Structure formats: C-alpha cells, structure tokens
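Asks: If you want the building blocks of each chain, they are given just below.
Number of protein chains: 6
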Amino acid sequence: MRIAIFRKAHFNAAHRLHNPKWSDEKNAEVYGVCNNANYHGHNYDLEVKVVGEVDPETGYLMDLKILSDIIKKEVENKFDHKNLNLDVPEFKTMLTSTENFCHLIWQIMQEKLGDKYEVTIKLWETPRNYVQYPA
Amino acid sequence: MRIAIFRKAHFNAAHRLHNPKWSDEKNAEVYGVCNNANYHGHNYDLEVKVVGEVDPETGYLMDLKILSDIIKKEVENKFDHKNLNLDVPEFKTMLTSTENFCHLIWQIMQEKLGDKYEVTIKLWETPRNYVQYPA
Amino acid sequence: MRIAIFRKAHFNAAHRLHNPKWSDEKNAEVYGVCNNANYHGHNYDLEVKVVGEVDPETGYLMDLKILSDIIKKEVENKFDHKNLNLDVPEFKTMLTSTENFCHLIWQIMQEKLGDKYEVTIKLWETPRNYVQYPA
Amino acid sequence: MRIAIFRKAHFNAAHRLHNPKWSDEKNAEVYGVCNNANYHGHNYDLEVKVVGEVDPETGYLMDLKILSDIIKKEVENKFDHKNLNLDVPEFKTMLTSTENFCHLIWQIMQEKLGDKYEVTIKLWETPRNYVQYPA
Amino acid sequence: MRIAIFRKAHFNAAHRLHNPKWSDEKNAEVYGVCNNANYHGHNYDLEVKVVGEVDPETGYLMDLKILSDIIKKEVENKFDHKNLNLDVPEFKTMLTSTENFCHLIWQIMQEKLGDKYEVTIKLWETPRNYVQYPA
Amino acid sequence: MRIAIFRKAHFNAAHRLHNPKWSDEKNAEVYGVCNNANYHGHNYDLEVKVVGEVDPETGYLMDLKILSDIIKKEVENKFDHKNLNLDVPEFKTMLTSTENFCHLIWQIMQEKLGDKYEVTIKLWETPRNYVQYPA
Numbered sequence: 010m011r012i013a014i015f016r017k018a019h020f021n022a023a024h025r026l027h028n029p030k031w032s033d034e035k036n037a038e039v040y041g042v043c044n045n046a047n048y049h050g051h052n053y054d055l056e057v058k059v060v061g062e063v064d065p066e067t068g069y070l071m072d073l074k075i076l077s078d079i080i081k082k083e084v085e086n087k088f089d090h091k092n093l094n095l096d097v098p099e100f101k102t103m104l105t106s107t108e109n110f111c112h113l114i115w116q117i118m119q120e121k122l123g124d125k126y127e128v129t130i131k132l133w134e135t136p137r138n139y140v141q142y143p144a
Numbered sequence: 010m011r012i013a014i015f016r017k018a019h020f021n022a023a024h025r026l027h028n029p030k031w032s033d034e035k036n037a038e039v040y041g042v043c044n045n046a047n048y049h050g051h052n053y054d055l056e057v058k059v060v061g062e063v064d065p066e067t068g069y070l071m072d073l074k075i076l077s078d079i080i081k082k083e084v085e086n087k088f089d090h091k092n093l094n095l096d097v098p099e100f101k102t103m104l105t106s107t108e109n110f111c112h113l114i115w116q117i118m119q120e121k122l123g124d125k126y127e128v129t130i131k132l133w134e135t136p137r138n139y140v141q142y143p144a
Numbered sequence: 010m011r012i013a014i015f016r017k018a019h020f021n022a023a024h025r026l027h028n029p030k031w032s033d034e035k036n037a038e039v040y041g042v043c044n045n046a047n048y049h050g051h052n053y054d055l056e057v058k059v060v061g062e063v064d065p066e067t068g069y070l071m072d073l074k075i076l077s078d079i080i081k082k083e084v085e086n087k088f089d090h091k092n093l094n095l096d097v098p099e100f101k102t103m104l105t106s107t108e109n110f111c112h113l114i115w116q117i118m119q120e121k122l123g124d125k126y127e128v129t130i131k132l133w134e135t136p137r138n139y140v141q142y143p144a
Numbered sequence: 010m011r012i013a014i015f016r017k018a019h020f021n022a023a024h025r026l027h028n029p030k031w032s033d034e035k036n037a038e039v040y041g042v043c044n045n046a047n048y049h050g051h052n053y054d055l056e057v058k059v060v061g062e063v064d065p066e067t068g069y070l071m072d073l074k075i076l077s078d079i080i081k082k083e084v085e086n087k088f089d090h091k092n093l094n095l096d097v098p099e100f101k102t103m104l105t106s107t108e109n110f111c112h113l114i115w116q117i118m119q120e121k122l123g124d125k126y127e128v129t130i131k132l133w134e135t136p137r138n139y140v141q142y143p144a
Numbered sequence: 010m011r012i013a014i015f016r017k018a019h020f021n022a023a024h025r026l027h028n029p030k031w032s033d034e035k036n037a038e039v040y041g042v043c044n045n046a047n048y049h050g051h052n053y054d055l056e057v058k059v060v061g062e063v064d065p066e067t068g069y070l071m072d073l074k075i076l077s078d079i080i081k082k083e084v085e086n087k088f089d090h091k092n093l094n095l096d097v098p099e100f101k102t103m104l105t106s107t108e109n110f111c112h113l114i115w116q117i118m119q120e121k122l123g124d125k126y127e128v129t130i131k132l133w134e135t136p137r138n139y140v141q142y143p144a
Numbered sequence: 010m011r012i013a014i015f016r017k018a019h020f021n022a023a024h025r026l027h028n029p030k031w032s033d034e035k036n037a038e039v040y041g042v043c044n045n046a047n048y049h050g051h052n053y054d055l056e057v058k059v060v061g062e063v064d065p066e067t068g069y070l071m072d073l074k075i076l077s078d079i080i081k082k083e084v085e086n087k088f089d090h091k092n093l094n095l096d097v098p099e100f101k102t103m104l105t106s107t108e109n110f111c112h113l114i115w116q117i118m119q120e121k122l123g124d125k126y127e128v129t130i131k132l133w134e135t136p137r138n139y140v141q142y143p144a
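Residue numbers (this note's numbering), protein chains in the order written: chain A, 10 to 144; chain B, 10 to 144; chain C, 10 to 144; chain D, 10 to 144; chain E, 10 to 144; chain F, 10 to 144.
These are computed hints drawn from the structure, not numbers from a lab.
Treat the numbers as computed from the prediction; the structure is a model and nothing was measured.
It is possible that part of the hints are untrue.
Any copy, or any two copies together, can satisfy a pair, since identical chains are not distinguished.
In silico EDC-like cross-links for lysine to aspartate or glutamate, where the CA-CA straight-line distance does not exceed 16 angstroms [to be verified]:
(1) LYS35 / GLU66
(2) LYS131 / GLU56
(3) LYS74 / GLU38
(4) LYS87 / GLU127
All chains, full assembly: derive it from the sequences and hints.
Replies: What follows is the structure in structure tokens.
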C-alpha cells in the first residue's frame, strides 16, 4: 500500500536577498525591501511529505518520531535562529530565495531518507507566500 | 530547476445560486438556502499556484510582488465587495458555483501569466468547502 | 468555581452599509466599497463566551450541546444565508455594521441564557477584522 | 470540465497502537507512549477530495450537502467518540495507525461515491502529523 | 511595567465523562456520546497566560524557555498520551470535564510559578470548544 | 454603546537579544540562540484592540480603513523588513524583547489614536509565543 505521510516543523532565521554580481542600485530595484543591508527575518514553516510503502508489521510508512528527529537534527538545528547569508555554508554562493532554500532542504531530506522514499518539501516564508519542490 | 510558488489572497462578495431555466420550486429544491432571492455572501480565500523554472540570476521563479499585483489587479479588484450575479459580466450567463468561479479565475490568471507558467487555482467558499482547477 | 466556556460557530450573509439619511455621495465617501448597491458578503465567525459557576454534579458550567443548539436556533438560523439589510427585521432601522451586529447577537444570547450567565460575543467579519461586546 | 472539490470534517476517538503478535516489551519499544494500555486519543481532522466532471445544469461537481451528509453518515457516525480498537470492527484485525485509518476511510468513501468520482483522503492525527491516500 | 506573556502547548489524551453516583441511564442521558464506556479522546490545546512585571535587566517578564520547560514537565508529561480517568490520580474522584481539567492545570501552574505571577489557563478540547480559568 | 474592535496586521524583521552591559558569556547564557551575533528573525503578527463608543451616525467605533492605514503608516512601515537592533532608533538603548516591542507599539498607537480610545496590543513573535500590553 503506497501512501504519503506529512510532518510539519518550524524555525526562524534572518536573511537578505542580494546578488553580488549586481550593483547596489540593481539589487535595490529587483529585491526592494528584501535587499535591506541589515537583514530582515522570518518564521519559516516547513512541511515534509514522504511517499512510500506501509510496513504491515508496524502499520507505519515510517515512525514519525524518527522522521521528526531527522528534521530536527538535519534542518532545524542547521537553520534555526541563524542568519542564512552569514551562518549557512551553502548560501555563501547561492541566493537565499525561498525557491533555493526549499530545494536545499529537499536535497538534505531526500539524501537522508534514501531512494526507498520520495520526498516533497513545502516551505512557507510567510503564511501567504510559499514554495514547493518538486512542483 | 522546476518548482512551484504559491500566493494567497482574499476578497468578499455576495451571490446566489439560481438557474433561470428552472422553476423557482426546482431552484429552491436543488440549491436550498443558497438560492435565497436576496443573496448571501462569502469571504473567498484564493491560492494561486504557479509552476515554472527558477531564474538563476534572481533565485526567483517570479517576483512575488509582481504576482500579487496581478492577483490584486485582475482578481481582487474585479470581485471584491461585488455581487457576482449582478456586477460581474461573466456571470450573466454562468452559474455562480464555486466550481465555475474557480475555473474563471484560472482562465484569467493563466492567460495573464502566459504559457511559460502552469497555473493551478484553489478557491475556498468557506474554510470547510473549496475547489481546485485543474484537478 | 467561576469559569468561562467558549463555543465557536459560523454563518454567511450578504449586506451593505448605507445610511438612508445621507446622500448617495456621502454614503459612497464614508463606506467606500462596503456601500455597493448590489451588496457584498462575508463568512461571519462567532465566538460566544459564557461565564458562570460550574455545577459540581455534572462538572459542566453548561452542557455545550445545549449552548450550541441555542446558538444554532437563535443565531445561525436567523442570519445564515440571509441578506442582513433585506431579510432581518432588526436591521430595517439599524446600520449593518459589525459593531451593531455583534451587539444584536449579544442581546439575543444574553436574554436566552438569562442573568445566571454573563455573555460576551466576538464577531469576525473577516479573519483580520472583528468586534467584541461588551468591550 | 474536470475539477476537484474538497470537504473538511472532524471527529474524535481513542486508540492505542499495539501489535498482538509482539511481546509487551517490543510494543513499548516500537510504539512508545502510543502503546499506553489505557489508550490515548485525538481530534481527527479529515479532508475528502473528490475529482470529477462539473454538471453544466447545476454548476456543481456534486452537491456539497450530499457529500457532507455521506461523510457524516459513513465516517463521522462510525468513528466519532469511539474507541477505535474496541468499538470499530475493521480494527479488530488491523493496527490503528493513521496510515491504515486513512486507507479505511478512503475505501468507505470511494465505494459510496462510485467509479464516476476519484476520491483522495487526508487524515490529520494532530495538526503536525497527517496522512494522504492515494499518495 | 506590568505585561502579559502567553505560551501555547498541546498534548493528547483519552477520557470519558461518567458520574459514578448516577445510573448508567442517567450518565448516558446527561453525557451522551461523551459517556462511551470504552473512552474517546482529544488533542488538547493549552494556552498559559502569565501576568507580571518586566525585568529591566533582561527585557523579559520570564524566560519563555523556562516557562515552556515547566509546562512540559508539569503538564505535558503528566497528561500526554494518557487516559485521564485511569492514569491521572487527581481524576480518580473528579469528573474529567474540560472545566475541571482547566482548573487543575491552573492549580499546577499557579503553584509552580508562585505569587509573583498571575496565571490564566485556556484549554481547548476541540477547536470549537474551550474553557478559561479564571473567567 | 462601548465596544471593542480588533484589527490584525503583520510584518517581518531581524533582531538579536544582547545586553551591552553584560559579557558575551552572560549574554549567551541568558539569551541562548536568541543572542546569535548575526541576528535571526520573525514574522511578527500584531493585533490592535481599540475600545470606545460607537458613533450612531456611522455604526462604526472607527472606520477600519482609517485604523488599518494608521497601523500601516506608523507600525508596518517603521518595522517591516528591518533589523530592529540596527534600523530602529528606539531600540538603540532598549532590548528588543517582545515585551519591550509590544509596549513600544502600544505607545505609538495610543498616542496616535488619542485619549478617546483605549488601546491594547497583542504581538506574536511566533504562533506559540506572544505578549499583551496592557496585561
């Protein structure tokens, strides 16, 4: 029986959108207030969807305690109360857009869970704006 | 990198369900309280999903400010604080069901955004009842 | 033991804001889009707070089934899927502002429940705008 | 026009996770606090998605009153204020995991609605943990 | 500066309403489905409000980490994944109504925090029904 | 008729908790991850409650459009997409705790609205932690 389970998590972080290849004027024009030199921040909400087969012995696709521990260790601990631009190595050379951030979390979770499971990530920057990968 | 972004919006409107080809009795039977001759109304919640490629220069699929401005201009301004049956030309010859309304918003948004993007609309009539197009 | 219980309910209705003592111009100026001649509408959310003593026999301040039946009979049935301006006698001579509407529901509920209980009403016109009586 | 409608419902129930083929020690190890011999419980939230064609006569995919009555009769009445392990025949020989519970509700709803409609069920055990079938 | 801070928490539990001084018939009549002999359950949501003075050194009324640890230790660990009637000593001689449960949590938290702080508890049995003590 | 109206708003900002009178060690000990030198951030949610008399001419306590414009101009524009510690003059000499932030917004709104109205502010740092002034 192929099924999907979902687990929600949350963390908060500071960031700014700034493309170092552009002038300050172009950055301000493209990113507006999101380009503020002193950073701004968000309470990010995260939903991890995992698709796979139910284990008939346990009735579980996967123990949600194990899934939430992986999310805590690999995602929350890495990003919570951090400055994405300054504190997260992957963002040294990558723009901190929600699109890129969502894809990064997908890479982390899909690699940790392995090919047996199919992962989809939803990442809310605000309750009105969010991103999903894969689409 | 193919990804999905989502933007939420909301507006409120009056409407009634009434098929002019039917008798008043049949309308009352099929639509119940939704057929009230003096109209009733809703706070509609809208979610626009846009699927496309991330622009590596900006890190964006699309600037959410641009997307929310299009939603404001093409959807909110057209329907907010209106009577769907009386104030909206498209509903002169179309039933104001949430199904038809969702499809109409999809037509507006998909045409505005163009073939480069794939649009999906969710429209909530109440927090407990909603519709999605395409399915 | 004096305690408070709360029960949520919801209904939807059409209305417009229009003061018949004013010109159309002044109505449009004061009420803006809320003055639309063809009405608009809302999903109203309602919270009824009842303060009183816990009955040691039942452990209840009041059976919530009884409270929700009163709300259904006296409030939901009276306003749900109605046009406040045209279908509700009390609004023939009263503006359909959320302030007046909240006070009307308080009058209905406080009278039904009697002096043994102290009623407070919260009424949401939208998730962002709401009113409470008494303050 | 192929479209999707969604209807939300809720009910609450007690349950415990316990595999009778295992020792008490293994059950405690695998299921942790969810194995508590005296049961625990949840407010389950349910979302029923139905995909099909819109009827041009009514503007409806399906009358939501009919859909919500089926959900009430076939799902809410069967599970609300029940002990899943003791009061529900299907769980005599099936683990009461959210995965199995979601699949059971899908079987009930898909059979009731028939092949004309394609049903998907989401079942929330808590606001943070939920399951979807089909995936 | 006198201010209020709020912290939310959640846990789930099984219970039934049953007054041992009454006949089974009277229990069924008064409590309805809540009297089910095999128990039912809820995801309880809890809000702890603490009123006091802000410490000018820290800018805090109280470190929210300390408050959430007290809630975890004194409330969540005591009630989460439990059967209120069978597993919680205080309910051996007290009805498990939300009113009594809310008052019990208030007693625990007010005693732990001491007279320097004024505690108010809100306890949701479902998203539609909740209780507050003091009123 | 004395009544209360409520208006919700939201904005996001970066900040850190750091008392310049303390050593780095003491700051890290008291504030934990909230002391991160590179800042973190939040989506702040704001609720402004205004108590006063209903104007019988308009049916309004106050035009919510006017109230929301004041909130936008005096609060959102001042704090949205800002670094509280670096971009907001009032925080040069005040800790950026939610308690102090809530009190500052109350000062701004109460002064703007004047003595005719009684203002209460709720400020959410996260959906689980919030502050109210006056208590």
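Asks: The structure should be examined with respect to each hint, and the outcome stated for every one.
Replies: Here is what the structure says about each hint:
1. In the homo-oligomer, the alpha carbons of LYS35 and GLU66 lie at most 16 angstroms apart only across protomers (12 angstroms), although the nearest pairing inside one protomer, at 58 angstroms, exceeds that limit.
2. For the homomeric pair LYS131 and GLU56, the shortest alpha-carbon distances inside one copy (5 angstroms) and between copies (14 angstroms) are both at most 16 angstroms.
3. When the C-alpha separation of LYS74 and GLU38 is checked against a cutoff of 16 angstroms, the pair qualifies only between copies, where the shortest distance is 12 angstroms, while the shortest distance within a copy is 45 angstroms.
4. Neither within a single protomer nor between protomers do LYS87 and GLU127 lie at most 16 angstroms apart by alpha-carbon distance, with minima of 22 angstroms and 33 angstroms respectively.
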